[in-house]
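**Q** Given next are the chains, with one letter for each unit.
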Amino acid sequence: MTREKSSASLSGAFYALLRRDLLLAFRRRTELLFPVIFLLVVVSLFPLGIGPGPQLLARIAPGVIWIAALLATVISLDGLFRSDFEDGTLEQFVISGHPLTLISLAKICAHWLVAGLPIVLLCPLLALWMNLPVESLGVLMLTLALGTPVLSLIGSIGVGLTISLKRGGQLLSLLVFPLYVPILIIATAAVMAASDGLPYTQFLGLLTAGLITSVTLAPFAAAAALKISLS
Amino acid sequence: MTREKSSASLSGAFYALLRRDLLLAFRRRTELLFPVIFLLVVVSLFPLGIGPGPQLLARIAPGVIWIAALLATVISLDGLFRSDFEDGTLEQFVISGHPLTLISLAKICAHWLVAGLPIVLLCPLLALWMNLPVESLGVLMLTLALGTPVLSLIGSIGVGLTISLKRGGQLLSLLVFPLYVPILIIATAAVMAASDGLPYTQFLGLLTAGLITSVTLAPFAAAAALKISLS
Amino acid sequence: MTTETAIQNKPRKNALVMFIHKMGSPPWFYNFSGKLVPWLWAVFCSLAAWALYLGLFKAPADYLQGESFRIMYIHVPSAWMSMMIYTSMAIMGFIALVWRIRIVEVLAMSSAPVGAAFTFVALASGSLWGRPTWGTYWVWDARLTSELVLLFLYLGVIGLYNAIDEPRKAARAACLLAIVGAVNLPIIHYSVKWWNTLHQGSSISVTGGSNIDPSMLWPLLIMALAVKFYYGANLLTRARVRLLEQDKRKAWVRKVIGEDKS
Amino acid sequence: MLTASQINFERYFEPVFQPVNFELNSGELLLVTGANGCGKTTLIRVLADILHPTSGQIENQAAGMAYVGHYLGIKDDLSVLENLRFMRDFLGTSNRDCADVIRQVGLSRVAEQQARTLSAGQRKRCALARLLLSETELWLLDEPYSNLDLEGIELVDRILNDHLQSGGACVLATHGAHRPEWPATRDCFLVSGAVA
Amino acid sequence: MLTASQINFERYFEPVFQPVNFELNSGELLLVTGANGCGKTTLIRVLADILHPTSGQIENQAAGMAYVGHYLGIKDDLSVLENLRFMRDFLGTSNRDCADVIRQVGLSRVAEQQARTLSAGQRKRCALARLLLSETELWLLDEPYSNLDLEGIELVDRILNDHLQSGGACVLATHGAHRPEWPATRDCFLVSGAVA
Ligand code: HEM
Ligand SMILES: Nc1ncnc2c1ncn2[C@@H]1O[C@H](COP(=O)(O)OP(=O)(O)OP(=O)(O)O)[C@@H](O)[C@H]1O
Ligand SMILES: Nc1ncnc2c1ncn2[C@@H]1O[C@H](COP(=O)(O)OP(=O)(O)OP(=O)(O)O)[C@@H](O)[C@H]1O
Ligand SMILES: [Mg+2]
Ligand SMILES: [Mg+2]
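Each protein sequence line maps, in turn, to chains A, B, C, D and E. Read the first sequence against this note's numbering and you will find it ends at 231, with the numbers running on by one and no gaps. Read the second sequence against this note's numbering and you will find it ends at 462, with the numbers running on by one and no gaps. Read the third sequence against this note's numbering and you will find it ends at 724, with the numbers running on by one and no gaps. Read the fourth sequence against this note's numbering and you will find it ends at 920, with the numbers running on by one and no gaps. Read the fifth sequence against this note's numbering and you will find it ends at 1116, with the numbers running on by one and no gaps.
I should point out that these hints are in silico values taken from the structure, not numbers from a laboratory. Beta carbons: idealized from backbone N, C-alpha and C, even for Gly. Check before you lean on any hint, since a few could be wrong.
[As the list claims (entries may be wrong)] With the C-beta cut set under 8 Å, the calculated list includes, among others, these residues of chain D facing chain E:
no. : residue
1   : Ala759
2   : Val834
3   : Ala835
4   : Gln838
5   : Glu878
[Said to hold, decoys possible] According to the in silico footprint, chain D covers these stretches of chain E (three or more CB under 8 Å from chain D):
no. : region
6   : 1001–1009
7   : 1078–1092
The whole structure should be built from the sequences, with the hints applied where relevant.
**A** Take a look at the structure:
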């Protein structure tokens, strides 16, 4: 049916899309800072809401930072495909004959670079705020580095399914949060094990396995979801 | 210039808009449950991320429930004016000659009924989950009943300022979270005082004062913000 | 771009193809299931009555829990069903997505509310049972938590299906979500287990008595079988109603309704 | 009813069009024409008091305005009927019959359908129905003909004619490909940019 | 290049239009006409493989398709030039010169302007520019004339003619108010609903 695409043209499309999405995200330089500040603001709510006891904060720190990461991801997810869906760009992608899986993957990569990476980089500062012991910091960063891509990947499926709905936000979080539960549990378990001086590598192994599985499966599922939403 | 509106036609417009916004929110019966489920899902993330220890959960419960309320509000805020802005309905409101303040107020009321009230009503169940002692539950509900309208009111100003931006969501949270900090602190202080057997009425008084101030001022500020965003 | 012609135009080959082809046609399915449904209800009712009689009157009271253990006859079968129905929904969802068979879409989507109801019953009965046995309605135990997540997954499928207007598009979207959820369900189950055992010793063991008395076990097993028939009967009844609703302007439905009236 | 003297609107400190002057009385139609991007939509939005003119004066004595622009002001999640019912209640013109208006614009078949599922022409008709609901003197129409089939174009001409006959006034912007079938009372050919 | 036999599409279990049959060869133009809401957009989206036909067969041997629909596929936050550059890189037709294409569609003056600030007609021209960038055989145009001024309409006719001359094919949907100046090779008048 549509002519076969050479791999050169595919990678060209991939990079074009990645570049465009990053350009859109960083259209204005200040917008670079939004995800970072969002995270800072959310995390800083906890000492305010719970009280500043240092032991207590250290105890809940990994959970809080991870939950903040989840929330930041979900809030930013909506932008992943919505604007492309609403202005008709997604239709153009389908027409172009490039596989939708590739397109999803490019957009997921862009999303992670914009919404996930800043979380990983910011994590030392957050840990400092929450009195997390320095020993656990490395593990926390590792779990975030392995886990946030999974959040973007799984999230893309949920977004694909809900973009045709105007008020998709709440439904989206209902769809994706249950799927995020294992990541949250494994990641926080790793950090807590580390701070208790217990072995934690098995948790990192699980996260890596999750990352590999979702990289191979999620873009296909997201593409299928998009195709359904378009129809 | 535009003819003076009778108060009957104003209240007619107010109720028409309120009714329409509620209809939009609860287009289908299942959608009534979305805000509730969202809250349940968010709150249940905390035991998962922080650990299931009952004492610890009880200790952080008021903070967690309030932070969840803040997040639920901010996530739902975006829908407050955005769709009316994007499909041109807001222009129609301006053309109609009805004061924009009244329109903002109707929309804020609808928003609170959809996003704030369920939090207040659901709070006993959340408290049960988080092992909050029953004595503090009443105070928690009171703070939520007084505080969530303030969240909607203050939030409306932020939304008015950011709707003309495509990626308004994250910027919005930057604008409003700092404004929410006092509410969060006062409300959780009240609950903690109550659970420690200390007097807490002064905190409730502060919340009431905040509510009255923001009801009288916020709709005007939101209307002005909308006018700026439209031009 | 070659689109498969509707199955109707293909030459018929053997009995199996014939059957699948027939199952795919709403009127045939409606009639066929109409004959099946009364039997399913009948079997369910008699089995359930028998199990309840044995469980409530014949089985002796538990020496530890007293009479409250009888909640088990509701709780355990519904907990089992909650997981079984999700699996069957996901399998049907897969079939519906790949072969675009409308009846299977309808069946998968009719499973969701039944499964959600069982999950809810398991949670509610478990909570009520927890009060006398553990002294609290809710703890963040591994099994409880994963059952809660299962409820959220069901609600997600139902919510998505109801949120999209066009029925076939809605069904396809919800089927995809069910499949994704099914991949995640075992992962959730195990992760919750590890999480729970890491933080606190398993002071609560849901599988309290593994070697329970046969007089307590038999009613449970019979009840577990009975609810399977309940599922089948409820599912087919729902699917039939949904088909009638969807095809309300089609000739075969007018004929069916006319027949029912006369 | 509507007088504009020397009005202009600046974006990025550049005037969008050359100063506009006109006087519009009851029963009159002002036709705003010009090439794509000459500022027709901008002018209409200035007249509608959505944008504030940078210079010049607008005097508006009309009893109410109605506006149909590029963004149609239809809620996607409501049905056609619900959309119109809301607008009627909001505008307080409760004596109008929504079902009748829907019949007039030819949407009876899709009245219960959600607006998001309407075709482009059906959406436009739904926005036009709002004009019939509002009891306003001044209509501001920005390309009312676009996306309509031949019958829809006749519909616009008919309701516009009725409106003018009954003492209303109208400002109609169009890029020149179509225009109403009868001659406009006033013409305004927009030229973009400042006076050289 | 494109053959459709007995295709149809169902929504809510009702066919949208009566079964469509045609064969389109290189150099030919298929004109899809019909009243508002008869299913033109739906048909084009079925041909574009965005919607899956409920029954019937489509055979598409074209080397690539390009589509301009009601939603133009322009990113509001990018400038005209950036929009087109992205599309060029994405489609892999890197030999085309974006600035030149922009000149052809008459957008040079606003090339650096963000797409959100374009007027309705300028947006349409920007979408048409994409056609010139893509090296595709089959064009699917859904009401390409709407919102364009007279000059813009001529532009569409010109680029369409060039495309057909150079061996391309085109399906063009319009509600009947305008049509290309030269006769269409094939006609398809859509009638909504099932065959009675
Ligand atoms: C809200 C609270 C509860 C929930 C959500 C819950 C959930 C479940 C689930 C999902 C199962 C099926 C497990 C499987 O087959 O893998 C189950 C089985 C069972 N539950 Fe509960 N349960 C709850 C409370 C209780 C309580 C309080 C008791 C009694 C002390 C109890 C006793 C049992 C027993 C005896 C089984 C069957 C044992 C087995 O299959 O291994 N449950 N429950
Ligand atoms: N928000 C904005 N910021 C900057 N420039 C703008 C903005 N809106 C419009 N413009 C520019 O102002 C000019 C006039 O736009 P306007 O929409 O009024 O044109 P128009 O006459 O309605 O054209 P059309 O016939 O295409 O609808 C255009 O050149 C457009 O690019
Ligand atoms: N998503 C949808 N759900 C239900 N009905 C729809 C949907 N989209 C379109 N329709 C209906 O299908 C019919 C065909 O719509 P379509 O957009 O194809 O019409 P069209 O011929 O392009 O009309 P126009 O000339 O107004 O653009 C219309 O009656 C419309 O209301
Ligand atoms: Mg314009
Ligand atoms: Mg159309």
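**Q** Would you mind marking each hint as holding or not holding in the structure?
**A** A quick look at each hint next to the structure:
| no. | hint | in the structure |
| --- | --- | --- |
| 1 | Ala759 | holds, 5 Å |
| 2 | Val834 | holds, 7 Å |
| 3 | Ala835 | violated, 12 Å |
| 4 | Gln838 | violated, 12 Å |
| 5 | Glu878 | violated, 11 Å |
| 6 | 1001–1009 | violated (count 0) |
| 7 | 1078–1092 | violated (count 0) |
The structure shown violates the earlier hints numbered 3, 4, 5, 6, 7.
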